[in-house]
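Asks: Here is what each chain is made of, one letter per residue.
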Amino acid sequence: MADRQHGKLYPLPSQNMVLERDLGKMPVLECRRLGINFGGLAAVSEFDLGIGPTEITGLIGPNGAGKTTVFNLLTKVYEPTTGSILLNGKDTAKMSTIELNKAGIARTFQNIRLFKNMSVEDNVKVAMDHSIHCGLGTALFRLPRYWKEESDAHERAMDLLGIFGLQGMANAKAGSLPYGAQRRLEIVRALATNPSLLLLDEPAAGMNPAETSELMEVISHIRDEFQIAILLIEHDMNLVMGICDGIAVLNFGRIIAKGTPEDIQNNPAVIEAYLGRKKEAKS
Amino acid sequence: MSIKDKAASGSERLQGRIRIPTPLRYLINSCLIAGLWFALSGMAAGGIINNYWKGILITVGINIILATSLNISVGYLGQLPLGHAGFMAVGAYASAIYMKSTPAAALIKAGDRGAVLPYLITAVLISAAVAGLFGLLIGIPALRLKGDYLAIITLGFGEIIRVTITNIDSVLGFKFTYGAAGLARIPKFTTLGNCFALVVISLTLIHMLMKSRFGRAILAVRDNEIAAESVGVDTTYYKTLAFVFSAMLAGVAGCLYAGYLGSLYPSTFKFMKSIEILVMVVLGGMGSMLGSVVSATVLTVLPEMLRAFSDYRMVAYSLLLVVMMIFRPTGLMGSYDFSMSRLLEKLLNAVFRRGAAADGEAYTEEGGR
Ligand SMILES: Nc1ncnc2c1ncn2[C@@H]1O[C@H](COP(=O)(O)OP(=O)(O)O)[C@@H](O)[C@H]1O
Ligand SMILES: [Mg+2]
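In order, the protein sequence lines correspond to chains W and B. Just so it is clear: in the first sequence, position 124 is 124 by my numbering, and no numbers are missing. Just so it is clear: in the second sequence, position 156 is 156 by my numbering, and no numbers are missing.
Derived by calculation from the structure, the hints in this document are not laboratory data. Treat the hints with care, as some may be off.
[To be verified] The calculated DSSO-like cross-link candidates involving lysine-lysine, where the alpha carbons are at most 30 Å apart (straight line), are:
| # | chain 1 | residue 1 | chain 2 | residue 2 |
| --- | --- | --- | --- | --- |
| 1 | W | K173 | B | K211 |
| 2 | B | K270 | B | K54 |
| 3 | B | K211 | W | K116 |
All of these numbers come straight from a predicted model, not from anything done at the bench.
So here's chain W without its partners, still in its complex pose (with noise of 0.2 Å):
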């Protein structure tokens, strides 16, 4: 992985930048000026952020930069205060959470919210209700239809939970999950809603590196396998340098640099305003 090319990123006219291989392809996300406030404070502001559609990009950052709420933003969690949002092209703003998961955008929680209670199978099954479509009289009365849908949704369950090789757990209860498991299995979860933009907020917290690498490796894969875009959290920026196409830097609310790894790497308001701090938090 350590030898992988990086692609070139080339600026478009709105200021965003793409991969080489994306270009002339719509972005798949694209957010102009988006911002917050919460009661004064900016939480984020000013955020512009391209996506190709099989870009991983990483949005790195200190704690309490705005990375979670730019997630909250994207997914009408919170109602962004200034700004748009555009998804495959289109206008999200009068999108709801649900008609936004529809249009393609699925994501993790940084505290992991699974269905506790629910078997780790149901949990993914959950995330396919759009793609069953049995009335409630068919599945009352277990109509030809109902069994078809429920073993495709099995089987396709099956399938995703392989990706992380959860199916030994199909039937475990969610909640009873290992961390590092119940953190895949919400992966495999916002998979299963057939996503064009998948949101991992901190899917490697908690892990040690051995897992963090697998991980890194599997969302690659992921990205290959389904040909989608990744947006990532982790504010570990090395983790990201190995699997990432672009970076944003987030400080304070603000990008402060956005680019390749290498460039990200380089940059020296980064290295001040991240690296620099977490020097000065480790001596």
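Please arrange chain B with the ligands on chain W, whose structure you already have, making use of the hints.
Replies: Then chain B with the ligands, alone, in the frame of chain W:
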């Protein structure tokens, strides 16, 4: 291990376990139900169950429907509505008024039970439809609220229904519900047989609902509403669906109640009735159908056997609740649900020692990494 290897080992382990195929599960359950019915009807025919006990058994059946239907809202959906008696009242009055307009009374007197059946089916459908409609009207505003607020607003709606039934005749000059004087001479159409059948149908419908995409979505809303929305589950729709379903079955219970007693009084459907049903659900274990069935049975039979103390029933309920909350806050059964076929599967797996990993234990091997 690579991703592919892990996938393979996971599915191998699943295949190692013995699973009872679904058609066989249904057959086993049908046989159990039929067996129970033959035992009950045999005892009734042989005089082991006298009329007094028949009455108690019918009340048990009605309470089972009430408790399991409230359990949909409380246990599965995770809300706390306090107006269940209101839906029961609506169902009871709707079916009673309909039944009085049919020749059912004369047919019952003539002993022609078969001819009553079409009227009975219509009455059940009417009570379910009317109660469901009220559930929809109340659910839409109430389900926007959460927790205490939802409890209070449903309590209020339940009381409004009762007060309306009490006063609608005198205000509008109808001869409809006969207000506080009571609606009398309702054909006594409820029998042990049709009560048993409706209990089985209700429990089956609840089971079928909960083990489908609808049930999964309802449970997901309970477990984590934000996460449910993030995966595209229309939370408002599923909340309303669960609430209406719950109200419809309460209406059916009301229908059986009307046909059992033969007269209805609005005072029966006071707030305390809702609490009584809630106590059954909480004691049984929120989210456990078996729990609701067991505690509805126990809390119906026990007071009958301790008639002398019936004045203290509510005191006893409260004490029972307090004790339960201290020693077993998840209720009698927790969220456990009994399944004959799962028990058989476990037995078979234990006997043949194949796929030693039982449900819920399977993860430990991989999870330990
Ligand atoms: N709902 C909210 N109300 C008020 N302040 C909030 C809210 N959500 C986030 N914030 C604030 O916004 C800032 C950014 O938080 P967050 O996005 O969680 O940071 P992180 O980059 O660590 O994910 C923090 O100062 C936090 O306190
Ligand atoms: Mg965060």
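Asks: Can you give the numbers of the hints that this structure goes against, from lowest to highest?
Replies: As far as the earlier hints go, not one is violated by this structure.
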